[in-house]
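If you read the protein sequences in the order shown, they are chains A and D.
Just so we're aligned: 32 in our numbering is position 47 of the first sequence, and the numbers increase by one with no gaps anywhere.
Just so we're aligned: 70 in our numbering is position 85 of the second sequence, and the numbers increase by one with no gaps anywhere.
One or more of the hints may lead you astray.
[Unchecked claim] Taking lysine to any residue pairs in the SDA-like style, the calculated list, with each CA pair at most 20 Å apart, reads:
no., chain 1, residue 1, chain 2, residue 2
1, D, Lys133, A, Thr49
2, A, Lys27, D, Arg110
3, A, Lys27, D, Pro50
4, A, Lys133, D, Val36
5, D, Lys27, A, Ala103
6, D, Lys133, A, Ala33
7, A, Lys133, D, Leu105
8, D, Lys27, A, Leu100
9, D, Lys133, A, Phe52
10, D, Lys27, A, Thr114
11, A, Lys133, D, Pro50
12, D, Lys27, A, Glu122
13, D, Lys27, A, Lys27
14, A, Lys27, D, Glu111
15, D, Lys27, A, Ala33
16, D, Lys27, A, Phe52
17, A, Lys27, D, Glu122
18, A, Lys27, D, Thr114
19, A, Lys27, D, Lys133
20, A, Lys27, D, Arg188
21, D, Lys27, A, Asp115
22, D, Lys27, A, Glu109
23, A, Lys27, D, Ala33
24, D, Lys19, D, Arg107
25, A, Lys133, D, Leu117
26, A, Lys133, D, Arg112
27, A, Lys27, D, Leu105
28, D, Lys19, D, Val36
29, A, Lys27, D, His31
30, D, Lys27, A, Thr49
31, D, Lys19, D, Gly8
[Unchecked claim] One side of the interface only, derived from the structure: several residues of chain D facing chain A at Cβ under 8 Å:
no., residue
32, Lys27
33, Ser59
34, Ser92
Since the hints were derived computationally from the structure, they do not count as laboratory data.
Just so we're clear, the structure is a prediction, and the values are computed from it rather than from any experiment.
Note that beta-carbon positions come from the ideal geometry of N, C-alpha and C, so glycine has one too.
What follows is each chain in one-letter form.
2 protein chains.
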Amino acid sequence: MRLYVTPASPWVRRVRVAILELGIEDRFEFVQTKWPHSWGTKTVAHPADFVAATPAQRIPALVTPDFSLTDSHSICDYINAELGGYRLLAREGVARWRGLADISVASAIIEAQILRRAELLRSERERSTDFLGKMRERTLRCFEALEKRVPVAGSAFDLAQITTAVACSYESWRYDADWRGVAPKLAAWYDIVAERPSMKATRPAETPQT
Amino acid sequence: MRLYVTPASPWVRRVRVAILELGIEDRFEFVQTKWPHSWGTKTVAHPADFVAATPAQRIPALVTPDFSLTDSHSICDYINAELGGYRLLAREGVARWRGLADISVASAIIEAQILRRAELLRSERERSTDFLGKMRERTLRCFEALEKRVPVAGSAFDLAQITTAVACSYESWRYDADWRGVAPKLAAWYDIVAERPSMKATRPAETPQT
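With the rest of the complex left out, here is chain A (with noise of 0.2 Å):
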């Protein structure tokens, strides 16, 4: 199987993570893709590979000889259904929504974080400072929301909390700290699990231009 990524993608790598977790990174090669800044307003030009494997022309997109899944939310349904016996999500009942509630919440910072990237990638004339706060004061909800859902220590590293991890992650790489002050406990936990090795092995790094 082909899976498309970049280093900088949080998206790419909740996805990558799960497969390091998994044990199954020998099943994928991975492909990695460039993008020069003008992706936050313009289509970018890809290889007719990558075209030919997903139509929005977006990372991560996994390509198998039976179907195409091109986002992170259906590889990793995929990926844990198929290749990791439901270990890092449930199959069904209210283990499995419990931790789709928390995937939400996650998501919706990492969607935020990913708008907030291209609203800075714009020239200074067309970008939104009203929208950048927007998508600050969202992950900031986001974040105090998630601290009131701290994983326990020593429980399962699992999608929830994968997806949670590349959030926090991420807002401090791209951004700042100050989410660390509205989520003191979360950061906690977090400062745990970034010392796992999946998380080591797939630090965010700028994604190559060209």
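Mind docking chain D on chain A? Use the hints.
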């Protein structure tokens, strides 16, 4: 269960159509939310119950006694599994992944439609013609991809078909019918499913601003 909705949102509509197709509408209390057009760039003031339900402050949001699901994907997953006996999407196996593959592409259209809408609600000065073009290009590429996998006439109106039909409908309602030119077979299929009671009962209308 309380489901927070608007009459315009395609993310809400796919949940509402799923509920109607399963015949389980009596299980939900539908709560209308209001969105002044400033939502494109600013955090909007909402009643306390909505703020408590979803830290991202987005619709749809589903509140159950045990957990809250705050995005369309997890809500559909829950409804399909827990209330729908997996009638709208297979529980596992290649049928599930093929369904999610189609949902990925249709959802990329809906996401682009909403981002384009938010962009059009900006002041003219902060509006990016490039970004509007990027979203339009993505939308048309995804419709082109869906044209290669038009559902067979008479096949089950499942979650993939629901999501696709909602994307088709929103495009014509909010923007234009250019997608019909790039996806004529899909358009012919859409004209048939648009007559289903679930689709007719949820035709989009402007969301109240106050």
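Hints and how they fare:
1. Distance check on the hinted pair: D/Lys133 and A/Thr49 sit about 18 Å apart at the alpha-carbon level, within 20 Å; holds.
2. Distance check on the hinted pair: A/Lys27 and D/Arg110 sit about 18 Å apart at the alpha-carbon level, within 20 Å; holds.
3. Only pairs whose Cα atoms come within 20 Å are accepted, and A/Lys27 paired with D/Pro50 is rejected, the gap being roughly 44 Å.
4. Of the supplied pair hints, the one linking A/Lys133 and D/Val36 holds, its CA atoms being roughly 15 Å apart against a limit of 20 Å.
5. For the hint pairing D/Lys27 with A/Ala103, the CA-to-CA distance comes to about 17 Å; that is within 20 Å, so the pair holds.
6. Our distance criterion of 20 Å between C-alpha atoms is met by D/Lys133 and A/Ala33, whose separation comes to about 18 Å.
7. Between A/Lys133 and D/Leu105, the direct Cα distance comes to roughly 36 Å. Violation of the 20 Å bound is thereby established for this hinted pair.
8. Distance restraint check for D/Lys27 and A/Leu100: the Cα-Cα separation of roughly 14 Å lies within the 20 Å cut-off, and the hinted pair is therefore satisfied.
9. A threshold of 20 Å between alpha carbons decides the hint, and for D/Lys133 with A/Phe52 the separation of about 13 Å falls inside it, so the pair holds.
10. Between D/Lys27 and A/Thr114 the CA atoms are separated by roughly 10 Å; this keeps the pair inside 20 Å, and the hint holds.
11. Note on A/Lys133 and D/Pro50: the hinted pairing holds, with a Cα-Cα distance of about 17 Å set against a maximum of 20 Å.
12. Between D/Lys27 and A/Glu122 the CA atoms are separated by roughly 10 Å; this keeps the pair inside 20 Å, and the hint holds.
13. Taken as a hint, the D/Lys27 and A/Lys27 pair is broken in the structure, with Cα atoms around 24 Å apart against an allowance of 20 Å.
14. The hinted pair formed by A/Lys27 and D/Glu111 meets the criterion: a straight-line CA distance of about 16 Å does not exceed 20 Å.
15. Between D/Lys27 and A/Ala33 the alpha-carbon distance is near 38 Å, which puts this suggested pair outside the 20 Å criterion.
16. Distance hint between D/Lys27 and A/Phe52 is unfulfilled; the C-alpha atoms sit about 39 Å from each other, more than 20 Å.
17. With a CA separation close to 10 Å, the supplied pair A/Lys27 and D/Glu122 stays within the 20 Å bound.
18. In summary, the hint linking A/Lys27 to D/Thr114 is supported, as the alpha carbons are separated by about 10 Å, within the 20 Å threshold.
19. A distance of roughly 25 Å separates the Cα atoms of A/Lys27 and D/Lys133; the hinted pair therefore is violated under the 20 Å criterion.
20. The straight-line distance between the Cα atoms of A/Lys27 and D/Arg188 is roughly 32 Å, outside the 20 Å bound, and the hint therefore fails.
21. The hinted pair formed by D/Lys27 and A/Asp115 meets the criterion: a straight-line CA distance of about 6 Å does not exceed 20 Å.
22. Restraint check: the Cα-Cα separation between D/Lys27 and A/Glu109 comes to about 18 Å, which is no more than 20 Å; the hinted pair holds.
23. Of the pairs offered as hints, the one joining A/Lys27 and D/Ala33 is violated, with about 38 Å between alpha carbons and a cut-off of 20 Å exceeded.
24. Of the pairs offered as hints, the one joining D/Lys19 and D/Arg107 holds, with about 18 Å between alpha carbons and a cut-off of 20 Å not exceeded.
25. A C-alpha spacing of about 38 Å is found between A/Lys133 and D/Leu117, which places the hinted pair above 20 Å, so the restraint is violated.
26. Distance check on the hinted pair: A/Lys133 and D/Arg112 sit about 37 Å apart at the alpha-carbon level, beyond 20 Å; violated.
27. Restraint check: the Cα-Cα separation between A/Lys27 and D/Leu105 comes to about 16 Å, which is no more than 20 Å; the hinted pair holds.
28. Only pairs whose Cα atoms come within 20 Å are accepted, and D/Lys19 paired with D/Val36 is accepted, the gap being roughly 13 Å.
29. For the hint linking A/Lys27 to D/His31, the alpha-carbon distance of about 33 Å lies beyond 20 Å, and the restraint is violated.
30. For the hint linking D/Lys27 to A/Thr49, the alpha-carbon distance of about 40 Å lies beyond 20 Å, and the restraint is violated.
31. For the hint linking D/Lys19 to D/Gly8, the alpha-carbon distance of about 27 Å lies beyond 20 Å, and the restraint is violated.
32. At about 5 Å, the closest approach between the beta carbon of D/Lys27 and any beta carbon in chain A falls short of 8 Å, and the interface hint on this residue holds.
33. Taking 8 Å as the C-beta cut-off, the interface hint given for D/Ser59 holds, the closest approach to chain A being about 4 Å.
34. With a cut of 8 Å, the hint placing D/Ser92 at the interface with chain A holds, because the nearest CB-to-CB distance is about 7 Å.
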